[in-house]
Amino acid sequence: MSHGFETLAIHAGQDPEARTGAVIPPIYQTSTYAQDAVGAPRLGYEYSRSGNPTRDALQECLAALEGGPVGLAFASGLAAEDTLLRAVCQPGDHVVIPDDAYGGTYRLFARVAQRWGLEFSPAKVSDPDAVRAAVQPGRTKIVWVETPTNPLLGIADIAALAAVAHDAGALLVVDNTFASPYLQQPIAFGADVVVHSTTKYVGGHSDVVGGALVVADAGLGEELRYHQNAMGAINGPFDAWLTLRGIKTLGVRMDRHCDNAERLAAYLDGHAKVAQVLYPGLPSHPGHEVAAKQMRRFGGMISFRAAGGEDHAVDICNRAKLFVLAESLGGVESLIEHPGRMTHASAAGSPLEVPGDLVRLSVGIETVDDLLADLEQALG
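Taking the numbering used here, the leading residue of the sequence shown gets -7, the next gets one more, and so forth.
Hints may be right or wrong, so weigh each one.
To be verified - Between beta-carbon pairs, the in silico distance windows are: (1) 125 / 365: 41 to 49 Å; (2) 197 / 3: 19 to 27 Å; (3) -3 / 275: 20 to 28 Å; (4) 7 / 155: 37 to 45 Å; (5) 125 / 244: 40 to 48 Å; (6) 10 / 342: 20 to 28 Å; (7) -1 / 264: 25 to 33 Å; (8) -5 / 237: 17 to 25 Å; (9) 10 / 307: 56 to 64 Å; (10) 106 / 34: 40 to 48 Å; (11) 342 / 38: 38 to 46 Å.
Bear in mind the hints are in silico, worked out from the structure with no lab data behind them. Every value quoted in this text rests on a predicted model; they were computed, and no experiment measured them. Even glycine gets a Cβ: it sits at the ideal position worked out from N, Cα and C.
Hey, can you work out the whole structure from these sequences and the hints?
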């Protein structure tokens, strides 16, 4: 029997505990497990880096929500990305990355993976022809996509880019952090691997750091599971438990994030002190039609360019009161930041450098009129 998203979020991998009937999966805060005999671990558990029942519950739930056979949980989103790259690529290989991407992802490619011998080329992921032109036949192993992108909220056509990647014999990897599996399921459109920073919307409460991979192919999933154990950047049991707790309300939270973001985007779009609003829910957004095709709704992230330039953008961030000046995103509380000086500082001077007049909002689930009032006073 197939179930709806909200049902899976509450029940997938989370049957009542067999011994006591506990409705919530226990936190198995243990490093090791007693074995029934030499070479006969009970239920396959021998050491918590290799397997932990709380982490397994989270992994099963993540796989169900993204529609893939295997889900894997990691200590952070970047730990998930690093494990994927080292499992799939080797020195001399090539990856196409977005020309607008999370600063930490760019740093991983430019400061870590490149030194290891992995080459990369930025491309505009909203343009399939540009991605196709960036592919190096025989060398490109991954086409890496964010949609929406961070921080410029660009939209990539997942199905079109899956065709580009597969024509080149490469994998399509989609970072689905901004959308969450509630709003978008890339595997349904042809993606091979979905990446999450579960710190963000999946966890949803700014109280836990984590990452995830969900794959379309079970064989690749087992290869990644081997690397997860061999490299060791796993999600701890209490972190897994917190993330599972957040997942249960993902659907209702995302609807409220979207409600609030739509109101704020419309307000900013008509404001004299805002030069441009970047939100895929606006009909004026160049990716609006593609986003409407592959997303349930348009998300809780908004970026905008301040009419008064970089100094004005910084002042807006500093004047905000209800919007907390902080990095990260996807929590129940609203956040504001200056990407050029905060989350994307590592991309300065690169093809991924972001405009100095850009402000990024993670719109929370507070009373929307209070958020509107805070933005009004912050804009000056």
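Of all the hints numbered above, which does this structure not satisfy? Sort the numbers upward. Violated hints (numbers, rising): 6 and 7; every other hint is consistent with the structure.
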